[in-house]
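For the sequence shown, full-length UniProt numbering begins at 1 and goes up steadily by one.
Think of the hints as simulated: they come from the structure by calculation, not from any bench.
One or more of the hints may lead you astray.
[Claimed, not checked] The list that follows gives simulated cross-link-like pairs (lysine-lysine, DSSO-like), each with its CA atoms no further than 27 Å apart:
| no. | residue 1 | residue 2 |
| --- | --- | --- |
| 1 | Lys116 | Lys212 |
| 2 | Lys43 | Lys253 |
| 3 | Lys43 | Lys276 |
| 4 | Lys263 | Lys42 |
| 5 | Lys263 | Lys116 |
| 6 | Lys43 | Lys268 |
| 7 | Lys253 | Lys212 |
| 8 | Lys276 | Lys241 |
| 9 | Lys42 | Lys253 |
[Stated by the list, open to error] Quick list of simulated restraints, FRET-style, between CB atoms:
| no. | residue 1 | residue 2 | range |
| --- | --- | --- | --- |
| 10 | Asn84 | Lys276 | 40 to 48 Å |
| 11 | Leu93 | Leu69 | 18 to 26 Å |
| 12 | Leu119 | Ile155 | 12 to 20 Å |
| 13 | Ile155 | Leu93 | 22 to 30 Å |
| 14 | Ser257 | Gly232 | 12 to 20 Å |
| 15 | Ile155 | Pro40 | 41 to 49 Å |
| 16 | Glu2 | Lys118 | 42 to 50 Å |
Since we're looking at a predicted model, the values are computed, not measured.
Ideal placement from N, C-alpha and C gives every residue a C-beta, glycine not left out.
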Amino acid sequence: MEQIITYFETIPSWHRSLILVGGITFFWILEGIVPLFNAPYKKWRHSVPNFFFTLTTILVNFPLAFLLLKTSDWAVANQFGIINWLPEMPLWLYVLLGLLFLDLIGAYTAHWVEHKVKLLWMVHLVHHSDHNVDTTTANRHHPLESLIRYFFTLIGVFLVGAPIGIIMLYQSMSVVLSQFNHANIRLPKMVDNAISWFIVSPDMHKVHHHYKLPYTDSNYGNIFSIWDRLFGTYMTMNLDKIIYGVDTFPDEKENSSIIGLLKQPFHKYRRPTTEKAKP
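Build out the structure end to end from the sequences listed, making use of the hints.
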């Protein structure tokens, strides 16, 4: 564990890029071998806006990374934050708790807030308006959402008091696990169910991308599934009934246009509809 943390403390930028590109490539290939849905869509054409927003996410986060480092250094130097206030513990537990709390604040809470605040939902809508969810959807976030997510991550680093090694490990895991749970892959049901007790599995997250409430407002987790189960936001549904997209913005052509998606947060808010939840 010490070697892992030491590596992530000084991880080169090109290694982080390799994790991003390698993850997409791996799951892209896997989607062709064991697809969850055999949707008749042109995969490369579908990926264009998603890769565009992957690039904007990088461009937003890269120049702001120094704030994460400065905040982390300050917290560690002043022994500030949740994991620094706890009794001395083995390194593996210290790292695990750091990852769990960063995931709670930087991912689960950020995601939950985006669904509950109308203005933020309109920004997050870009992610949900994908009609063919696959591994490239993981990074489909409007630049404004990238800023929002960064802000929550920064709060998480401050409150958790995580050292930079744990932060870089968390961000790397976040990228790969998000690509994994968005990937259009079919795992054996027993395997997916077992995974979903610990981390967010593909079947679990696909429910979140159903086009109507209450399913859209469920399964907010990114890495760990514990938060959805603990806070009562975990839901399941028959995967054959899932329809991707958002009922209030059904125009697939507009939802596949980079210009249309950049404008999407500035549309008038439309109240979503709710269907009866079925076990």
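What hint numbers does the structure not satisfy?
Hint check: 3, 6, 14 fail, others pass.
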